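Colleague: Listed below, chain by chain, are the residues.
2 protein chains.
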Amino acid sequence: MSSPQPVSHLEEYLAAEQVLVDRALNRWLPPEAAEPETLHKAIRYSIFAGGKRIRPLLAMAAARVIQPEILGSEDAACTLEMIHTYSLIHDDLPAMDDDDLRRGRPTNHIVFGEAMAILAGDALCTIAFQTLARLPHTSADARLALIDELATASGTIGGMIAGQVHDIEGEGQPPTAKLLDQIHHAKTGALLRASVRMGAIYAGANAAQLDALTRFGEHMGLAFQIVDDILDIEQSSDALGKTAGKDAAQQKVTFPAVHGLAKSKEMAAQERAAAHAALDEFGPRAARLRQLADLIVERQK
Amino acid sequence: MSSPQPVSHLEEYLAAEQVLVDRALNRWLPPEAAEPETLHKAIRYSIFAGGKRIRPLLAMAAARVIQPEILGSEDAACTLEMIHTYSLIHDDLPAMDDDDLRRGRPTNHIVFGEAMAILAGDALCTIAFQTLARLPHTSADARLALIDELATASGTIGGMIAGQVHDIEGEGQPPTAKLLDQIHHAKTGALLRASVRMGAIYAGANAAQLDALTRFGEHMGLAFQIVDDILDIEQSSDALGKTAGKDAAQQKVTFPAVHGLAKSKEMAAQERAAAHAALDEFGPRAARLRQLADLIVERQK
Chain A
1 MSSPQPVSHL EEYLAAEQVL VDRALNRWLP PEAAEPETLH KAIRYSIFAG
51 GKRIRPLLAM AAARVIQPEI LGSEDAACTL EMIHTYSLIH DDLPAMDDDD
101 LRRGRPTNHI VFGEAMAILA GDALCTIAFQ TLARLPHTSA DARLALIDEL
151 ATASGTIGGM IAGQVHDIEG EGQPPTAKLL DQIHHAKTGA LLRASVRMGA
201 IYAGANAAQL DALTRFGEHM GLAFQIVDDI LDIEQSSDAL GKTAGKDAAQ
251 QKVTFPAVHG LAKSKEMAAQ ERAAAHAALD EFGPRAARLR QLADLIVERQ
301 K
Chain B
302 MSSPQPVSHL EEYLAAEQVL VDRALNRWLP PEAAEPETLH KAIRYSIFAG
352 GKRIRPLLAM AAARVIQPEI LGSEDAACTL EMIHTYSLIH DDLPAMDDDD
402 LRRGRPTNHI VFGEAMAILA GDALCTIAFQ TLARLPHTSA DARLALIDEL
452 ATASGTIGGM IAGQVHDIEG EGQPPTAKLL DQIHHAKTGA LLRASVRMGA
502 IYAGANAAQL DALTRFGEHM GLAFQIVDDI LDIEQSSDAL GKTAGKDAAQ
552 QKVTFPAVHG LAKSKEMAAQ ERAAAHAALD EFGPRAARLR QLADLIVERQ
602 K
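Protein sequences appear in the order of chains A and B. All residue numbers for the first sequence refer to our numbering, where the first residue is 1 and numbers rise by one. All residue numbers for the second sequence refer to our numbering, where the first residue is 302 and numbers rise by one.
Keep in mind the hints are simulated off the structure, nothing from the lab. From a predicted model like this one, the values you see are computed outputs, not experimental measurements. A couple of the hints might just be wrong.
Claimed, not checked - Under the rule of at most 27 Å between Cα atoms (straight-line distance), these lysine-lysine pairs were calculated in the DSS-like manner:
1) B:479 <-> B:342
2) B:564 <-> B:602
3) A:178 <-> B:547
4) B:479 <-> B:547
5) A:41 <-> B:479
6) B:566 <-> B:602
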């Protein structure tokens with residue numbers, strides 16, 4: 001059985017998937033007109049800010065590896081974007097990374113004030129778990145497994161919140177490979193890995209399938225972070241839509257800082273190859289996931 | 302069938318229940334020694350700060366109304382304390398209420414810095430939902446219902462986060478009964494109501510039982526907020542363990558500001574009576590819940 005959509009027409013596929021994700025986000029988030037309006041406007045300002053939806057797309061592609069005809073995975077997948085966006089809103093606050101540009105627009109607290117930005121982030125965290133608890137067409141056990149997976153990936157033991165602490169505490173520290181590993185695995189790696197795993201869980205993957213997709217997620221996540229660090233050096237703020245060169249300015253522990261630029265590029269290519277290899281057993285069913293891994297490594301912003 | 306514990310010995314009962322809650326919190330929260338240590342210290346600093354555990358105690362007492370011999374309700378109940386504590390940590394931030402005293406000690410951001418306080422709050426929100434997803438001895442459907450209940454009560458549509466927005470936006474506004482109602486129902490009412498409902502859901506209450514306990518929760522929640530507003534005027538910071546007189550200083554919309562002090566006290570007494578009346582059908586089984594409502598109204602801090 002082949003994938004329901006042809007592997008060609010990559011851009012149309014991406015655009016169609018992004019529409020599904022945006023529609024799901026629109027369904028699960030309160031409308032702007034609901035009280036309190038300012039809060040709901042602040043939430044939607046950051047959610048509908050032109051994000052690439054990489055995490056939901058990974059989840060949906062992983063679900064289709066397991067069940068090519070599966071429907072509704074965007075409902076589960078969009079909760080990854082809620083968590084990712086809440087972390088960006090909080091990360092941009094003056095008390096954290098103090099950034100005023102994100103996805104080419106003023107950050108949430110610049111537009112709505114710090115108090116509203118804190119609450120908008122809190123709200124997105126809450127709505128993400130509520131959405132998973134209410135997922136239609138999904139067994140109660142699967143919904144609980146998805147909630148646990150998302151909470152672990154965004155949590156304090158090797159998860160996203162732990163990564164932000166390591167990142168903050170790592171500023172100005174000697175850039176060692178060990179510290180770098182700790183930061184990246186938690187800060188971006190955990191949620192990217194969970195993206196693939198949540199798609200697989202939603203589609204009812206067996207243990208062997210989940211293992212293979214987890215390996216893919218780990219290598220792809222590492223490639224993603226290496227490329228992110230490289231882009232911060234090589235691209236302009238205009239191209240990135242966020243402040244470029246901040247890592248060096250804030251003495252962040254990054255792949256180029258630890259390994260140099262040339263070695264970092266080599267590492268990204270190796271991780272991409274390892275990600276591809278993890279998908280071997282799935283054959284053509286995993287074509288979309290392979291393309292997403294390639295996009296992640298080849299992206300210019 | 303009577304309650305497994307005698308209704309007398311109130312102080313021993315409270316102390317014993319608080320021990321159960323604290324043990325549950327200790328089990329579900331990462332140890333201080335787990336990486337990242339600073340974050341886990343910050344979480345435990347605010348969780349184990351001598352809070353009265355009113356919300357968990359309400360949940361456990363409500364569970365015992367439905368099933369006097371029920372065990373393990375403290376695991377579900379302690380998630381209410383996680384959400385309550387995260388809201389206090391974020392509420393005390395300079396960008397929000399800017400308070401440096403809570404439960405008689407410096408607030409979280411004073412001790413650990415603003416970035417860590419934001420992340421500690423985020424972490425508690427996440428761990429609360431994860432704990433419910435992992436509850437032992439509870440059906441998958443009950444766990445999902447508890448997650449949905451907690452998310453709704455702490456959320457943006459009439460929930461705790463909505464209440465904080467109304468509270469911030471209400472500062473300096475004319476103190477009308479309508480605005481007061483909106484703030485209190487969402488800011489403290491929703492989570493107190495959910496405390497009782499979560500205990501009832503945990504214990505498998507039927508629809509009629511849940512309705513009666515919900516009515517109790519609404520009247521008791523209103524009484525709680527009226528008394529809170531009165532204490533802010535009548536008590537010293539020393540007695541409260543937090544900054545007294547802040548409501549007036551920040552021009553908050555409170556019950557005494559809208560109705561005057563004497564009328565507010567009358568209202569608290571009426572709400573207590575209505576809370577008691579909602580429990581009539583349960584007879585002696587609800588003795589503990591009645592005592593908790595009395596404690597809430599008669600408390601001095």
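Colleague: Give a verdict on every hint.
Modeller: So, going through the hints one by one against the coordinates:
For the proposed pair residue 479 (chain B) and residue 342 (chain B), the alpha carbon gap of about 41 Å is over 27 Å, so the pair is violated. The hinted pair formed by residue 564 (chain B) and residue 602 (chain B) meets the criterion: a straight-line CA distance of about 20 Å does not exceed 27 Å. As the CA atoms of residue 178 (chain A) and residue 547 (chain B) are separated by approximately 47 Å, the hinted pair breaks the 27 Å bound. For a cut-off of 27 Å, the pair hint linking residue 479 (chain B) to residue 547 (chain B) stands: about 21 Å separates their Cα positions.
For the given pair, residue 41 (chain A) sits about 23 Å from residue 479 (chain B) by alpha-carbon distance, which is consistent with the 27 Å threshold. Distance hint between residue 566 (chain B) and residue 602 (chain B) is fulfilled; the C-alpha atoms sit about 15 Å from each other, no more than 27 Å.
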